[in-house]
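Q: Sequence lines, in order, name chains L and V. Take the first sequence: its position 25, counted from the start at 1, is 25 in the working numbering, and no numbers get skipped. If you want the working numbering, it's the 1-based position in the second sequence plus 1000.
Capping the alpha-carbon separation at 27 Å, the derived lysine-lysine pairs in DSSO-like fashion look like this:
{"no.": "1", "chain 1": "V", "residue 1": "Lys-1009", "chain 2": "L", "residue 2": "Lys-94"}
{"no.": "2", "chain 1": "V", "residue 1": "Lys-1009", "chain 2": "L", "residue 2": "Lys-102"}
{"no.": "3", "chain 1": "L", "residue 1": "Lys-102", "chain 2": "L", "residue 2": "Lys-81"}
{"no.": "4", "chain 1": "L", "residue 1": "Lys-81", "chain 2": "V", "residue 2": "Lys-1009"}
Hints listed in this document are in silico derivations from the structure and should not be mistaken for laboratory results. Remember, it's a predicted structure, so these values are computed and weren't measured experimentally.
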Amino acid sequence: GQSLEQPSEVTAVEGAIVQINCTYQTSGFYGLSWYQQHDGGAPTFLSYNGLDGLEETGRFSSFLSRSDSYGYLLLQELQMKDSASYFCAVLYQKVTFGTGTKLQVIP
Amino acid sequence: NAGVTQTPKFQVLKTGQSMTLQCAQDMNHEYMSWYRQDPGMGLRLIHYSVGAGITDQGEVPNGYNVSRSTTEDFPLRLLSAAPSQTSVYFCASSYGGSGMEAFFGQGTRLTVV
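Excised from the complex, chain L in its bound form (with noise of 0.2 Å):
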């Protein structure tokens, strides 16, 4: 099976730099995969590192590393708008999602 662990709540000052981690355990692994969710809307896609090492899109960078079974988002120049619930997800035959990490972007 499938089993994924990021931090429930984080916190950040608007401008500020956040990190969010994954750690998984899977059966079998392909990718991981990022999604944002805004309160009462559905997920949207940010990022998929299918190798190790970091992939850049504008301020959202993504990170894996698959002999640490371990991942990141790493989210720069953190605006208000920011605020919402961000979830990594495992590819192995069928997608596995985390609980998700609720970030807060403050002033």
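Guided by the hints, dock chain V onto chain L, whose structure is given.
A: Below, chain V alone, put in the same frame as chain L:
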């Protein structure tokens, strides 16, 4: 380009009633899936399909049925609604079996009383 369309957006059922949640996508995606999301929890996979005529169970399949007769449509049927099925349901689709970028519908908020 509509993406993934779910209907209805809201639904109230009485215990024991049955209903079908509709999901349609116009992106010619092979992979489609249904998730439920409960407060404070992540998305839990109910059923998924890797193509027309092929479906499989996820983490929490009990009480739900699916079928995939066309590439576009992937309906979720609640056989006999129970209060434990009160949740927000999301349908998602992605290209091939990669699941790398899944597109989600806007969700169905279901209450069973």
